[in-house]
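Listed below, chain by chain, are the residues.
There are 2 protein chains.
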Amino acid sequence: VFKSESQFVRWLQSHATLAGSELRLGIGDDAALVRPLRGHELILTTDLSVEGTHFSSDMHPAESVGHRALARALSDIAAMGGKPKFALVSIALSRRYSGEWIRDFYKGLFRLARRFGVSVIGGDTAVHPGLTIVDVIATGEVQYGRVMRRSGANVGDQIFVAGRLGGSALGLKMLRAGTKHGSRETQDAAINVHLFPEPQCRLGEFLSKNRIATSAMDLSDGLSTDLRRLCEASGVGARIHTSLLPLAIAPPRFRLTLRELERLALHGGEDYKLLFTVSPRRARSLPRKLAGMEVFRVGEITKAGALALVRDDGRKERLLPQGYDHFRCRTKRIEPLRKHGPSFGSS
Amino acid sequence: VFKSESQFVRWLQSHATLAGSELRLGIGDDAALVRPLRGHELILTTDLSVEGTHFSSDMHPAESVGHRALARALSDIAAMGGKPKFALVSIALSRRYSGEWIRDFYKGLFRLARRFGVSVIGGDTAVHPGLTIVDVIATGEVQYGRVMRRSGANVGDQIFVAGRLGGSALGLKMLRAGTKHGSRETQDAAINVHLFPEPQCRLGEFLSKNRIATSAMDLSDGLSTDLRRLCEASGVGARIHTSLLPLAIAPPRFRLTLRELERLALHGGEDYKLLFTVSPRRARSLPRKLAGMEVFRVGEITKAGALALVRDDGRKERLLPQGYDHFRCRTKRIEPLRKHGPSFGSS
Chain R
1 VFKSESQFVR
11 WLQSHATLAG
21 SELRLGIGDD
31 AALVRPLRGH
41 ELILTTDLSV
51 EGTHFSSDMH
61 PAESVGHRAL
71 ARALSDIAAM
81 GGKPKFALVS
91 IALSRRYSGE
101 WIRDFYKGLF
111 RLARRFGVSV
121 IGGDTAVHPG
131 LTIVDVIATG
141 EVQYGRVMRR
151 SGANVGDQIF
161 VAGRLGGSAL
171 GLKMLRAGTK
181 HGSRETQDAA
191 INVHLFPEPQ
201 CRLGEFLSKN
211 RIATSAMDLS
221 DGLSTDLRRL
231 CEASGVGARI
241 HTSLLPLAIA
251 PPRFRLTLRE
261 LERLALHGGE
271 DYKLLFTVSP
281 RRARSLPRKL
291 AGMEVFRVGE
301 ITKAGALALV
311 RDDGRKERLL
321 PQGYDHFRCR
331 TKRIEPLRKH
341 GPSFGSS
Chain D
1 VFKSESQFVR
11 WLQSHATLAG
21 SELRLGIGDD
31 AALVRPLRGH
41 ELILTTDLSV
51 EGTHFSSDMH
61 PAESVGHRAL
71 ARALSDIAAM
81 GGKPKFALVS
91 IALSRRYSGE
101 WIRDFYKGLF
111 RLARRFGVSV
121 IGGDTAVHPG
131 LTIVDVIATG
141 EVQYGRVMRR
151 SGANVGDQIF
161 VAGRLGGSAL
171 GLKMLRAGTK
181 HGSRETQDAA
191 INVHLFPEPQ
201 CRLGEFLSKN
211 RIATSAMDLS
221 DGLSTDLRRL
231 CEASGVGARI
241 HTSLLPLAIA
251 PPRFRLTLRE
261 LERLALHGGE
271 DYKLLFTVSP
281 RRARSLPRKL
291 AGMEVFRVGE
301 ITKAGALALV
311 RDDGRKERLL
321 PQGYDHFRCR
331 TKRIEPLRKH
341 GPSFGSS
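Which chain is which? The protein sequence lines are R and D, in order.
Here the first sequence is numbered in the numbering used here, starting from 1 and rising by one per residue.
Here the second sequence is numbered in the numbering used here, starting from 1 and rising by one per residue.
Treat the hints with caution; some may be incorrect.
Covered stretches of chain D (chain R as the covering partner; in silico rule of three or more C-beta atoms under 8 Å from a C-beta of chain R) [unchecked claim]:
{"no.": "1", "segment": "28-39"}
{"no.": "2", "segment": "44-51"}
{"no.": "3", "segment": "76-88"}
{"no.": "4", "segment": "116-125"}
{"no.": "5", "segment": "145-154"}
Keeping only pairs whose Cα atoms sit at most 30 Å apart, straight-line, the calculated BS3-like set for lysine-lysine is [stated by the list, open to error]:
{"no.": "6", "chain 1": "D", "residue 1": "Lys289", "chain 2": "D", "residue 2": "Lys173"}
{"no.": "7", "chain 1": "R", "residue 1": "Lys3", "chain 2": "D", "residue 2": "Lys3"}
{"no.": "8", "chain 1": "D", "residue 1": "Lys107", "chain 2": "D", "residue 2": "Lys173"}
{"no.": "9", "chain 1": "R", "residue 1": "Lys173", "chain 2": "R", "residue 2": "Lys303"}
{"no.": "10", "chain 1": "R", "residue 1": "Lys209", "chain 2": "R", "residue 2": "Lys303"}
{"no.": "11", "chain 1": "D", "residue 1": "Lys3", "chain 2": "R", "residue 2": "Lys303"}
Since the hints were made in silico from the structure, they are not lab data.
Computed from a predicted structure; not experimentally measured.
Ideal Cβ positions, reconstructed from N, Cα and C, are used throughout, including at glycine.
Go ahead and model the full structure; you've got the sequences and the hints to work with.
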C-alpha cells in the first residue's frame, strides 16, 4: 500500500487535517502549532493502546483499533467537560502488520476524528519487530473555570452514569465466543459497542456548560474501580444499588444471568460512559436525558470509607475494585490500563 | 521498588511537577489542564523511543533512556523557537524491566525536565510482555508570529549548525566498542554526548525572539537527511562544504580518519543540534556565539535541485540522504526514526 514513509506521510497529510482557524501548522514540521482560544483552558491527555492488552489482531479489525485508540483519549476530554480539538498519533508498528492494516487503522481513527471535529496534527511512526503500540494524545478546550474534576463530589450527591454499563465487556465476551466458533458476528450491535465505543463528548460539554456535575470522570476500567478513584479524589465514600444499574442488553441467543450482567456492569471495563455526581437538589429535577443521552441514577455519595453495594433484597456488601494493577501483573487479559494518578489512596 | 501502581503514581506526583501559574491540574485526573499564555501560540510534539531502535538495555542506562526520550521532544520545541513548558510521558514497559529501571528512567527524565523548567503533568503506563516503548509529548509556547519553520529558507541564505556534528554517532561507536571489550567508559565525555544530548532550547528561543533564522529544524537523523527535508519544505537546494563542517572531537586512543569523522558529521543521527538558515546580510554580522552556543556556517541555500557536497579540494559530489525509511526497513540499527511529515517530496 505504502512504498515509502514519505508516501505514507503524504497520505496522512491529505486525510488528517480539518480546516480550522486555531490550527497554524499541522503534520509537516518539527512540531504542530495551534492558537489557543481566549478565555479557555487547554486539556491534555494521552492514552496507550497495547497489542495483547487493549486489542488483539485476531479479534479487533484495524479500523476498530484506530477508533478505540482515539475514543479512549476523547473520552478523557469528555470527562473534563471539554470540547476535543486536536490529536497526535504515535505508533510503533509491528513488522508483522501490513500497509493495509495501518491504512485501515487510520481510516477508523479519522472517521471518529471527523465526527467530533478533531484534527490530527502530528505524531510519530516507527516500524519494529515487537508488538504494535499506539499512543494517542488529544487536546480539548474548556471555558475558563468550567472544568469538571474527580475531586468535587460531596456527601449526599447523587451518582449518575450515562448509558448502559458492561456493554463493552459483553461485546468482548461475544467476540471471544464468536472467534472460538469461527463466526465473527461483527454485524451484531452488542459487538459494535465493544469495537466502536462512542465517547460522550457532547454530554461532557453539556454538563460543564450548565454546571450540572459536582464531579465527573469516564468509566474506562469499570464502575467498581473508577468510582473508587473518584471517591478517593473527593475524600468521600459511595453506595451503589444493583436495582438501579442500567444493565447491558444481551442478545437472546447469548444466555446470561442477571447476576452475570450485574457483574459486567460493575466491573467490566472500556465502557467510556461518563460517571458524574449531582447535588441532591439538582438531581431531583434532572431530566432523564441530557444532551440526547439517557442518564441513570445508580447511588449516592456517602462519608469517606469503603464503597458499598446494596443488593436488590436490601443486603449490603462491600464493593471491591476489580481493576488491573500493572505493577502486580497477576493476570494477562485484554483489559484497559490505568492512567497516571487515578489512585491517590492505597489499593 | 514499587509494590503497586498507586504507590508508583504517588512517587511520580511527588517528583513530577514544578510550581507554575499556568498549570491548573497535573497528574491525578482524567487529563491535565493548563492555562495558555496570552499572545502566544502552543507547540505540540510527540516522540517515540523504541527499545532496539532508539536504545538498547545493554548500552543505555535507564537514566539515559529517560533523558534522551525527553530531549528528543524538547529539541523539536527548540527547533520551532519555543520555550518548553509541559510534558506527558507514556510508557509501555517490558515485564523484563525492574522497578529500579523505571525509577531511574524517570530520574533521568525529571533531571532534564527540571533544568529546562518543564513540568511533567500526565501520561499513561502499561506493563506488557513486549519491548519497552516510550512516547514523550512536549508542549512549548512561542510568541505569536515568531515560530520558526522549515519552509522559510531562500536562495542565497547561509546554512548554520549549532555545535559540533556527529558526536552522538561517535559516542555510540565508542559505546559499542567499549561494550565489546567489557569496559563501559561512561566517564568519557564523547560517550556522554550520546547518552545525554543537550536540547538547544535557549538557542532556539534566541533565534526566534531576534528573528535571526529564515528557517530552522533540529538535526535528529543526520545533516544529509534533515537538510534535505528543510530544502524540500522550502522548495530550495543546498551546498555543504566539508571544510566548514564542525567535526566531533574523538579521543586520541580512538583512532578515526578525517573522512570517517566527516561521514559521522554528515550522516550521524541523534545530534539534536539546530540547523538554521540566515539571510546573507544578517549572516555577515552574525557573532560566532549565539545564546552561549558556538554556531558554524557550513554552506548555502541554492536553487531547487539535488543537495551538493563540496570537498576540501573543490570537487563537487551529490549529497545523498542516508536516513532510515521505516516502510522499506532495510536495516536494523539503533538509529532515530522519522517524524510524520518531514518529507514532502519523494525520497
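How the hints compare with the structure:
1. Against chain R, the segment 28-39 of chain D contributes 10 residues with a C-beta closer than 8 Å to a partner C-beta. That satisfies the three-residue criterion, and the hint holds.
2. With 7 residues bearing a CB less than 8 Å from a CB of chain R, the segment 44-51 of chain D meets the requirement of three and the coverage assertion stands.
3. For the segment 76-88 of chain D, the proposed coverage by chain R is satisfied: 7 residues have a C-beta within less than 8 Å of a C-beta in that chain, meeting the threshold of three.
4. Look at the segment 116-125 of chain D against chain R: 5 of its residues bring a Cβ nearer than 8 Å to a Cβ of that chain, three or more, so the hint holds.
5. Under the rule that three or more residues need a Cβ within less than 8 Å of chain R, the assignment of the segment 145-154 of chain D holds, with 4 such residues.
6. With a C-alpha separation of about 29 Å, the suggested pairing of Lys289/D with Lys173/D holds against the 30 Å cut-off.
7. Among the hinted pairs, Lys3/R with Lys3/D is inconsistent with the structure: their alpha-carbon atoms are about 46 Å apart, more than 30 Å.
8. Using a Cα cut-off of 30 Å, the hinted pair Lys107/D and Lys173/D holds, with the two alpha carbons roughly 25 Å apart.
9. With a C-alpha separation of about 36 Å, the suggested pair Lys173/R and Lys303/R falls outside the 30 Å cut-off, and the hint is violated.
10. Between Lys209/R and Lys303/R, the direct Cα distance comes to roughly 28 Å. Compliance with the 30 Å bound is thereby established for this hinted pair.
11. Among the hinted pairs, Lys3/D with Lys303/R is consistent with the structure: their alpha-carbon atoms are about 28 Å apart, no more than 30 Å.
Checked against the numbered hints above, the structure violates hints 7, 9; every other hint is satisfied.
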